[in-house]
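So you can see what is in the structure, the chains are spelled out below.
2 protein chains.
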Amino acid sequence: MSIEVIFGQQLRKIREERKLSQEELAFRSKLDRTYISLLERGKRRPTLNTIFALTAQLDIAPSELVRMVEKNLDI
Amino acid sequence: MSIEVIFGQQLRKIREERKLSQEELAFRSKLDRTYISLLERGKRRPTLNTIFALTAQLDIAPSELVRMVEKNLDI
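Residue numbers (UniProt numbering), protein chains in the order written: chain Y, 1 to 75; chain H, 1 to 75.
Please note: incorrect hints may appear among the correct ones.
Since copy identity is lost for identical chains, a pair holds within one copy or between any two.
Below 25 Å or equal to it, Euclidean Cα-Cα: the simulated DSS-like pairs (lysine-lysine) are [to be verified]:
1. Lys71 x Lys30
2. Lys19 x Lys43
3. Lys30 x Lys43
4. Lys13 x Lys30
For the record, the hints were derived by calculation from the structure and aren't laboratory data.
Excised from the complex, chain Y in its bound form (with noise of 0.2 Å):
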């Protein structure tokens, strides 16, 4: 699995753990809802600006993001 699918799916898990729609994280991290829906389906490659910006909403660093999408590559 690419590392844009493994991040989307990760993505998605905090952002509905969170209880957020796409609508509410887009609005948040002012970014288009449908740029969100794409990252979580993987046709999108996140920037680390991005990583940033969602992040910033769903109070998790951006590091341990990124860690979640390492453990589930098996980096």
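Starting from the known structure of chain Y, fit chain H onto it as the hints suggest.
Just chain H now, kept in the frame of chain Y:
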């Protein structure tokens, strides 16, 4: 300071600690040398995939490099 500028500083710091030239890191990570130079000067925003490609050659976990950026951003 912006995320990409801090990222660039940390990337250069690790690369130099590992005594690698930009050329050598570019060759190993299959990226273009000028792109690495742009990243180190904060002129480009790295994707998560680029971070994984670079850190694989720098013997540091992607999340660790992101954590270094966080620390310097006071997150």
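Hint check:
1. With identical chains, the CA atoms of Lys71 and Lys30 are at most 25 Å apart between copies only, with a shortest distance of 23 Å across copies and 28 Å within one.
2. In this assembly of identical chains, Lys19 and Lys43 lie within 25 Å of each other by CA distance solely inside one copy; the values are 23 Å within and 36 Å between copies.
3. Both within a single protomer and between protomers do Lys30 and Lys43 lie at most 25 Å apart by alpha-carbon distance, with minima of 19 Å and 22 Å respectively.
4. Taking identical chains as interchangeable, the C-alpha atoms of Lys13 and Lys30 lie at most 25 Å apart only when both belong to the same chain, with a minimum of 20 Å there against 31 Å between chains.
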